Amino acid sequence: MKIIVCIKQVPDTNEVRIDPVKGTLIREGVPSILNPDDKSALEEALRMKDENKEVHITVITMGPPQAKEVLFEGIAMGADEGILLSDRAFAGADTWATSNTIAKAIEKIGKYDLIFCGRQAIDGDTAQVGPQIAERLGIPQVSYVQKFFIDGDTVKVHRAMEDGYEVLEAKTPILLTTIKELNVGRYPSIPRIIKAFREDPVKVWTNRDLDIPQTDIGLDGSPTQVKRSFTPEQKGAGQILEGTTDEKVRKLVEILKSNNEL
Amino acid sequence: MGIKILAEECKSCTLCVGACPFDAIDMIDNIAVMNENCTNCGACVDSCNFGAIIREESEVKEKDLTEYKGVWVYAEQREGKLMDVAVELLGEGRRLADEIGCSLSAVLLGDNVKGLADELFEYGAEAVYLSENENMKHYTTDGYAKVLTNMVNEYKPEVVLFGATHIGRDLAPRVAARVDTGLTADCTRLEIDPGEKGLMQTRPAFGGNIMATIICPKHRPQMATVRPGVMKKAEKREMTGKERIIEFKNDLSLEDLRVKLLDIVKGKKALVNLEDTEVIVSGGRGLGKKEGFELLQKLADSLGGVVGASRAVVDADWIDHDFQVGQTGKTVRPRLYFAIGISGAIQHIAGMQGSDTIVAINRNPDAAIFKVADIGIVGDLYDVVPKLITAIEEMKSA
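Respectively, the protein sequence lines represent chains D and F. Residue 10 is where the first sequence starts when you use our numbering, and the numbers rise one by one after that. Residue 528 is where the second sequence starts when you use our numbering, and the numbers rise one by one after that.
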C-alpha cells in the first residue's frame, strides 16, 4: 500500500498582528507550522502504517527551500520519505498551477493507492488544491473527510456536511481531503527526529525534474492573478462606556433599548 | 515574471520589508532585495512610495474570450430545497450582470427539481439552465462535475458563482480545473472593472490578515465561490413572463459515479445556525476556561440569541468549530453582536464586522476589538456579564 500525503508549511495565522500605526503585518515571531488539516491527513496515513508495516508513506510539499522543514517534521512523525518541489519558476502559483505541479510530481512518483490532503491551508483557505490534484490525475475525490475506514481496496468515509455527514464508499486509488476533526496528530518522536536528520530522506525536485512547460506553472501558469493586496478596512471606533461596572451595564442596556436592539 | 525591485529607484526606506507577509525582502547594502520566500503576492508593490517595486506582466496563452457571455449562479439545492446562499448569489449576480450589461441565469442540477425554477425567476434569474437525471438526486462530485462542465462548455457563461458550502467547495475546483479556468475561493466582495468589464474578486488571505483582489484576465468563465451570509439576499420581484427554462439533456449513469453515496446522516449540527440569527454572543480566549461559555449561553438566552466563538478557543477545543466566527469560520451579520473576551484578531473581525451593532467587553483597553465596536466596556467579563444578564432580565420584567 502506497500513500502520498500532500502537506504545506504555513505561518501560524493566529499569531499574526497588525502594526496599528503603519497598518502592515507584524511578522516577527510568527512561527511556521505544519498546516493543521494536513496534520490530520498525515496522521490518518500513519495510523494505517501502525497497523501494517507494509504501508509506505511519501510526504510531498511545494514551497521555498525552507519548506523542507515541514517534510522533516512529517518524517519525524513517521513518514518514510519526503519530496520538496522547489523552484523559483513555481513561485506565484495559484491553485490551478499548484495542483498541476503537484499532480505532475505524483505522476513521476508513479504507483499510489491513496492520496491524503488537508482540506485547506490556513494561509490561503481555498480548499481547492486537493480536488484539483484529483482532477488532474483523473481519480475520484472525497473532501471534508471526518472518518475513514479501509478494507482491501475499498474505502468508506464520512464526509462532513453543514448539518451532519454523508457515508461514502469508493475503490482506490482515490484522493481524500481531511479535516482536523478526523484525529489528533501525534508528536514527532525524538529517535525519529534524529533519524530524519541523519538519513535526510528528502528529495528536492525542481522543474528540471518535472519538465512542465513554463506556461503551466508558477505565475505564468496561473489563470488568476493578484491585482492588489491591502489590509482590511476597519469600522470606525465607537464609544467606550465609563463609570463603575453597574453604571456601564446600565448605560449599555439603555443604549441598546433606545436603539430597539433589545 | 512576478514582482521586481528596481534597485536604482530604491530609497532604502524599508517600508516594503514591513509590508511583506512572507519575510521575503532583505536589505542588502541599503537596497531592498527579494529572496526566495517571495510568493509574488504583491503586498510590497502598494507599500512602496517610490515606484521601485513593480509587477511584471506575465506571458499567458491567449484564449478567445468574446464568446463567453452572461452571469451564472449555481443554484445549489439539497433534497429539493433551494439553499439560502443561492438567493444571496442571485442578489449579487443581478448587480454584476447589470454592470456588465448581460443576462443573469441560474443553473439547476438534480432529479425532479424543475419546480424550483419559478423561485429562481422570482429572485431575478432571467433563465434557468436545468439538467435532471435520476442519478443526480443527491450531490456527487463525479456526476455534478461532469454535467456542469458540459453545460459550461456548451453555453459559455463569462461568470459562474457558487456558494462556498461543503458542496460548492467540492464541485467548483473540479469544474474549474476541467474547463481550464481560474477559481477564486470564499470571496467577500465582487465588483466589475468598469473598463475591461472583468470580475474583480476580493477575498481574505493569510488568515484574513490581508485582503487580496483577484482577477482572471485571460480565461473564461471567471469562477468564484462566495461564503454563505456575506451577500445580501435578492429581493423577490414580479416575474416578467419572459423567463425561460433551458433544458440540458445528460445521460449520466451509475457507472459514472465512482464514489457511491451509502447514507446521509443528519446531526445535531443543524441547531447551530449563526448565519441566520439576529443576536450572537461570542467568546474568546479571555474567557480563560471552557466553562466560560456557560455564562455566555445565559446571556445569549436572555437576548434570544446564540453563542459564537473566536478561532483561538475553537483551536483550543473549548467549543466545536461550527460555532466559529471569522475568516475560517462563519461570516455573520446579525443585528447585535457581542464580542466577549475576544481581542479582535483581524480574521475574527473579517467575519463579524458586517454586524449592525457590535458590543465589546474586554479587560484590555487596547484590545483591537474596541476599534470596531460601537459600544465598548473595559472590565472583567466575569464581573460585567452577570450584571448585564440581571439588568436585561429586570428590563424585560419591567
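What the hints contain is simulated information worked out from the structure, not anything from laboratory work. This one's a predicted model, so the numbers in the text were calculated from it and none came from an experiment. Ideal Cβ positions, reconstructed from N, Cα and C, are used throughout, including at glycine. Each hint should be verified, as a subset may be incorrect.
What the hints assert, rightly or not - Listed below are several chain D residues computed to face chain F (Cβ distance under 10 angstroms; list not exhaustive):
1. D134
2. V151
3. V213
4. T215
5. K236
6. K260
Unchecked claim - Pairs of lysine to aspartate or glutamate, DMTMM-like flavour, derived with a Cα cap of 20 angstroms:
7. D:K180 to F:D625
8. F:K816 to F:D847
9. F:K608 to F:D783
10. D:K260 to F:D625
11. F:K531 to F:D573
12. D:K266 to F:D828
13. D:K165 to F:D783
14. F:K596 to F:D553
So, going through the hints one by one against the coordinates:
1. For D134 (chain D), the suggested interface contact is upheld, since its CB lies about 6 angstroms from the closest CB of chain F, less than 10 angstroms.
2. Given hint, V151 (chain D) at the interface with chain F, holds; its Cβ is 6 angstroms from that chain's nearest Cβ, closer than 10 angstroms.
3. Hint status for V213 (chain D): violated, given a least beta-carbon distance of 13 angstroms to chain F, over 10 angstroms.
4. Using the Cβ-Cβ criterion of 10 angstroms, the hint placing T215 (chain D) at the interface with chain F is not satisfied: the shortest such distance is roughly 12 angstroms.
5. Among the interface hints, the one on K236 (chain D) holds; its C-beta lies about 5 angstroms from the nearest C-beta in chain F, closer than the 10 angstroms criterion.
6. Using the Cβ-Cβ criterion of 10 angstroms, the hint placing K260 (chain D) at the interface with chain F is satisfied: the shortest such distance is roughly 8 angstroms.
7. For the given pair, K180 (chain D) sits about 46 angstroms from D625 (chain F) by alpha-carbon distance, which is inconsistent with the 20 angstroms threshold.
8. A C-alpha spacing of about 14 angstroms is found between K816 (chain F) and D847 (chain F), which places the hinted pair at or below 20 angstroms, so the restraint holds.
9. Distance check on the hinted pair: K608 (chain F) and D783 (chain F) sit about 25 angstroms apart at the alpha-carbon level, beyond 20 angstroms; violated.
10. With a CA separation close to 46 angstroms, the supplied pair K260 (chain D) and D625 (chain F) exceeds the 20 angstroms bound.
11. A threshold of 20 angstroms between alpha carbons decides the hint, and for K531 (chain F) with D573 (chain F) the separation of about 13 angstroms falls inside it, so the pair holds.
12. The hinted pair formed by K266 (chain D) and D828 (chain F) meets the criterion: a straight-line CA distance of about 17 angstroms does not exceed 20 angstroms.
13. The hinted pair formed by K165 (chain D) and D783 (chain F) meets the criterion: a straight-line CA distance of about 18 angstroms does not exceed 20 angstroms.
14. The straight-line distance between the Cα atoms of K596 (chain F) and D553 (chain F) is roughly 45 angstroms, outside the 20 angstroms bound, and the hint therefore fails.
Consistency with the previously given hints fails for numbers 3, 4, 7, 9, 10, 14, ordered from lowest to highest.
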